[in-house]
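Asks: Each protein sequence line maps, in turn, to chains X and Y. Read in order, the letters of the first sequence correspond to residues 1 to 185 in the numbering used here. Read in order, the letters of the second sequence correspond to residues 186 to 370 in the numbering used here.
Simulated from the structure, these hints should not be mistaken for lab results. Some hints could be false.
Said to hold, decoys possible - Dumping the calculated PhoX-like pairs for lysine-lysine here, alpha-carbon to alpha-carbon at most 25 Å: (1) X:Lys138 - X:Lys177; (2) Y:Lys353 - X:Lys114; (3) X:Lys113 - Y:Lys353; (4) Y:Lys353 - X:Lys176.
To be verified - Okay, the calculated beta carbon distance ranges per label pair: (5) X:Leu159 - Y:Pro363: 26 to 34 Å; (6) X:Thr149 - Y:Glu359: 33 to 41 Å; (7) Y:Gly305 - X:Thr33: 48 to 56 Å; (8) X:Lys138 - Y:Asp351: 16 to 24 Å; (9) X:Val125 - Y:Thr201: 22 to 30 Å; (10) Y:Gly305 - X:Thr149: 17 to 25 Å; (11) X:Thr33 - Y:Asp197: 41 to 49 Å.
These numbers were taken from a predicted model, which means no experiment stands behind them. From the three backbone atoms N, C-alpha and C, an ideal C-beta is built for every residue, glycine too.
Protein chains: 2
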Amino acid sequence: MMLGDVVDAVRDANCTPVIVTTELYDSEDTQITITGADLNQTLNEILPQTAGPVIIVMADLPLATGPDITRVVSTQSDMAVAPGRGGGTNAIFLKEPTRFHVDYYGTSFLKHKKIAEEAGLSCEVIDSFRLHTDIDEKEDLVELLIHGTGRSRTYLEGLGFGLTTDEKGRVGVERKKPPSVSSGS
Amino acid sequence: MMLGDVVDAVRDANCTPVIVTTELYDSEDTQITITGADLNQTLNEILPQTAGPVIIVMADLPLATGPDITRVVSTQSDMAVAPGRGGGTNAIFLKEPTRFHVDYYGTSFLKHKKIAEEAGLSCEVIDSFRLHTDIDEKEDLVELLIHGTGRSRTYLEGLGFGLTTDEKGRVGVERKKPPSVSSGS
Chain X
1 MMLGDVVDAV RDANCTPVIV TTELYDSEDT QITITGADLN QTLNEILPQT AGPVIIVMAD
61 LPLATGPDIT RVVSTQSDMA VAPGRGGGTN AIFLKEPTRF HVDYYGTSFL KHKKIAEEAG
121 LSCEVIDSFR LHTDIDEKED LVELLIHGTG RSRTYLEGLG FGLTTDEKGR VGVERKKPPS
181 VSSGS
Chain Y
186 MMLGDVVDAV RDANCTPVIV TTELYDSEDT QITITGADLN QTLNEILPQT AGPVIIVMAD
246 LPLATGPDIT RVVSTQSDMA VAPGRGGGTN AIFLKEPTRF HVDYYGTSFL KHKKIAEEAG
306 LSCEVIDSFR LHTDIDEKED LVELLIHGTG RSRTYLEGLG FGLTTDEKGR VGVERKKPPS
366 VSSGS
């Protein structure tokens, strides 16, 4: 569902989605690239062969919308980076992909800024919580239930999950009713 | 230090800071309002008496910079809200403060959007991770060490704290050397 939201956002921004994955993924209308290599190796093989501008977007960004992607690809700089929580990189836009290589994991945001600098590429940092918020932990689902507008939110609500507030005013997520959709699809 | 960063950001955006606090706070150049009431009660007494535009900014936003505050106060709408992590509200800008009241705690972001709607006020949601990232937990300090540009980051680094990366590529914060500044000041 999260990947579906990202594909929708990319398409809404008038970009053509290509899914890069290590697993079979069923899609009628999206090009799929299946790879046995890891994220860095795969992308660093693709980028040198890519002539036009490209945006690399992680799949765990269900808050991403078309306007958010448009904001990234509209940069006046040579490239743009949207940082993720904890030092990660959630989106990279490259006007000239042949001049860049990726280095994900760890503090990849800092590494990508350094690679840009070493390549002489100007780099805009996109200040967006919608792109910053990757969904990894249960608590992250609060963001999805508050700010989500797409499939992932609908699916989560269909499973019966909703927001809760404890006596200290802290907001959490819990199952409030039985699922109204199948969770096995 | 975090409050100092927010005051700097507000001032850099050509706004005049006023600190609302329940405790004595020593400042040579910033107006202080000391209150015994809680956050909501205090602000809801101040707003009806406020003629001009006002922005309310929480104190735990050390990533806030002048341009971030400028982005909020430049809205074309009647008001703007910057959501915080977990459903909170980290900044509210009001062109006509007399038409609004605040309701912090819990999912205050949703409450503030509803109050705006009921008051007939158009409301822009500011998509900024710099304003979304309030610093509450130890893990939040990763964001400060990666994206901070002000006093809080310098202070934290002066205490000897720095970024670490574990074998799974997850980034954390730990004390790497003895403090070079006094922590008791």
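Asks: So, for every hint listed, does it hold in this structure?
Replies: Consistency of the hints with the structure:
1. Taking the CA atoms of Lys138 (chain X) and Lys177 (chain X), the gap is near 17 Å; set against the 25 Å cutoff, the hint holds.
2. Between Lys353 (chain Y) and Lys114 (chain X) the alpha-carbon distance is near 22 Å, which keeps this suggested pair within the 25 Å criterion.
3. Among the hinted pairs, Lys113 (chain X) with Lys353 (chain Y) is consistent with the structure: their alpha-carbon atoms are about 21 Å apart, no more than 25 Å.
4. Restraint check for Lys353 (chain Y) and Lys176 (chain X): the C-alpha separation of about 34 Å exceeds 25 Å, so the hint is violated.
5. Hint check: Leu159 (chain X) to Pro363 (chain Y), Cβ distance near 49 Å, so the stated range 26 to 34 Å is violated.
6. The hint said 33 to 41 Å for the Cβ distance between Thr149 (chain X) and Glu359 (chain Y), and at roughly 38 Å that hint holds.
7. Separation of Gly305 (chain Y) from Thr33 (chain X) is about 50 Å and conforms to the stated range, judged on CB atoms against 48 to 56 Å.
8. Against the hinted window of 16 to 24 Å, the Cβ-Cβ separation of Lys138 (chain X) and Asp351 (chain Y) comes to about 20 Å, which satisfies the hint.
9. Distance hint check for Val125 (chain X) and Thr201 (chain Y): the Cβ-Cβ separation is about 28 Å, which falls inside the suggested range of 22 to 30 Å.
10. For Gly305 (chain Y) paired with Thr149 (chain X), a C-beta distance near 23 Å keeps the hint of 17 to 25 Å intact.
11. Distance hint check for Thr33 (chain X) and Asp197 (chain Y): the Cβ-Cβ separation is about 45 Å, which falls inside the suggested range of 41 to 49 Å.
Checked against the numbered hints above, the structure violates hints 4, 5; every other hint is satisfied.
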